[in-house]
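K.L.:
Just so you know, the protein sequences line up as chains A and B, in that order. First residue of the first sequence? That's 1 in this note's numbering, and the numbers climb one at a time after it. First residue of the second sequence? That's 1 in this note's numbering, and the numbers climb one at a time after it.
These are calculated hints, taken from the structure and not from any lab test. In this text the structure is predicted, and so the values were computed from the model without any measurement. Idealized CB from N, CA, C, for every residue including glycine.
Here are some, though not all, of the chain A residues that point toward chain B, as calculated from beta-carbon distances under 7 angstroms: (1) Tyr165; (2) Ile166; (3) Glu167.
Each computed BS3-like pair below joins lysine-lysine, with the alpha-carbon atoms no more than 30 angstroms apart: (4) B:Lys90 to A:Lys20; (5) B:Lys208 to A:Lys144; (6) B:Lys294 to A:Lys156; (7) A:Lys28 to B:Lys294; (8) B:Lys208 to A:Lys65; (9) B:Lys294 to A:Lys20; (10) B:Lys88 to A:Lys150; (11) A:Lys156 to A:Lys144; (12) B:Lys90 to A:Lys156; (13) B:Lys88 to A:Lys144; (14) A:Lys7 to B:Lys88; (15) A:Lys157 to B:Lys285; (16) A:Lys156 to B:Lys88; (17) B:Lys255 to B:Lys271; (18) B:Lys289 to A:Lys156; (19) A:Lys148 to B:Lys296; (20) A:Lys150 to B:Lys292; (21) A:Lys20 to B:Lys81; (22) A:Lys106 to A:Lys85; (23) A:Lys135 to B:Lys88; (24) B:Lys289 to A:Lys148; (25) B:Lys274 to B:Lys177.
Sample of chain B residues lacking proximity to chain A, with all beta carbon distances greater than 12 angstroms (derived): (26) Arg138; (27) Ile141; (28) Ser148; (29) Arg156; (30) Arg158; (31) Ser222; (32) Glu262; (33) Gly264; (34) Tyr299.
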Amino acid sequence: MNSKLLKVQGIKVNYYCVCKRKLWLFSKGITMEQNSNRVLSGKVIHESSYPRMKKKEVLVDDLLKLDIVDGEYIREVKMSSKMSKADRMQLLYYLYYLKQKGIEKKGLVNYVKEKKIEEIELTAKDEKEIEKVLKEINKVVTAKTAPKVKKLFYCKKCAYYELCYIEEE
Amino acid sequence: MNKDYYIFSHGRLKRKDNTVYFIDGGDNKRSLPIEQVDKLHLFGEIDLNSKLLNFLPRFGVMLNFYNYYGYYSGTYYPREKNVSGFMKVKQAEYYNNHESRLFLAKTFVDSATHHILRNLRRYEEVSKEVIEGIEKERNNIETTDEISKLMGVEGRIRKWYYKSFNEILKNGFKMNKREKRPPNDPVNSLISFGNSLMYTTVLGEIYKTQVDPTISFLHEPSTKRFSLSLDLAEIFKPLIIDSVVFKLINNRMIKKDHFDNEEGICFLNEKGKKKFISEYDKKLKTTIKHRKLKRKVSYQMFIRLECYKLIKHFIEDQTYKSLKAWW
Ligand code: SF4
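Construct all of the structure, not just a fragment, from the sequences and the given hints.
P.N.:
Spelled out as structure tokens, the structure:
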């Protein structure tokens, strides 16, 4: 497999699982961060939790932003109680990516609200799935146009909602 | 949503540590909650330093400057942060193709005309002849094949429109002829002042998206102006500014003593400007339940939505259809 093809920003793995249209828009630089309060509150939580952890926000190859690297674990900080498939895939991708570089780690997810910690390990099955996802991501972001809007339960909370749904009669 | 701040007094804007202060001529110090500022509008004579200018882009704050008469003179624009090279290239393609440029230019003019007619229909005093004249002229938009001809159509529509102002306006306000440079009577100066504000508001909304403010379609892109702001302002001037002007005059909120006259230039004095801005701000914040989005949308947000529709048009996602107020 072409290893260059595998390198994407972690957030793209996340977006791929959430909505392919969102992934496409984001990959073209059409971002909405500045307008989203949810993203903002995510930031605030991030900055205020774990003030004593030293290695915060480690940037790997300009692609992965690891929240915390802590011994044999990389930690992710999440607000919501249930880890969605997207968050899980993103973390698995980090583990996969590091493994390609010869660094084997496990993942820990901290749920801030629930004060719960979950451990994640990369299995062979996960690796296969990640590889499949990476290929699919590549297909989406190299497409000439954006995937059309598909109504998702997530849309109403999405920062792209107005962009996606605005139209005139 | 962050707020706009208007400074009328003379004084000094400075940054100290992580706070921005305004110190007026009487040495009164007031801090500005910079995290909550969208744009700063400076009407007074203000000194500022580079420390401040280096600080503002962090918060995406725009500084708009107005001259002595209250007319827009320029913007200090934060270092662009919402850039998409992909979008920019696409937008430029639409400008470069005569057909696609004309298409967008026409929709802007058509939407402006829709809002003009919407204003006029609210007043019984406006003669049928004017409305029919404009409707007839509106039919010419579709068949026009040149931007310059389209401008001609727009000019004729505006002539009808401004002529009927004298039928709408009460309390002794009259407009002889639309005169921009410089405005020479109170009505003209209200329109000009409003249009300055509209321009900076539209620019502020464009800035929040990846649309490039310098690539325009109806107006010629020029190096001096963010001309896409002028394009989009066409849609919103009759919808927002003119209705504010009608309200201010007809409800006796603005009176003749809110204007000054110097060397043939008529302009709002400080009290007048404040009156205008407070009505304008109210209008921008007014919300409408959007029939497609199914949520409340402010007039200000309607401007951003035009940018979103343009983005979708440029990336070949959905053909642009301009706003035509339905409420
Ligand atoms: S609003 Fe819906 S369709 Fe649009 S990007 Fe978000 S999730 Fe995808």
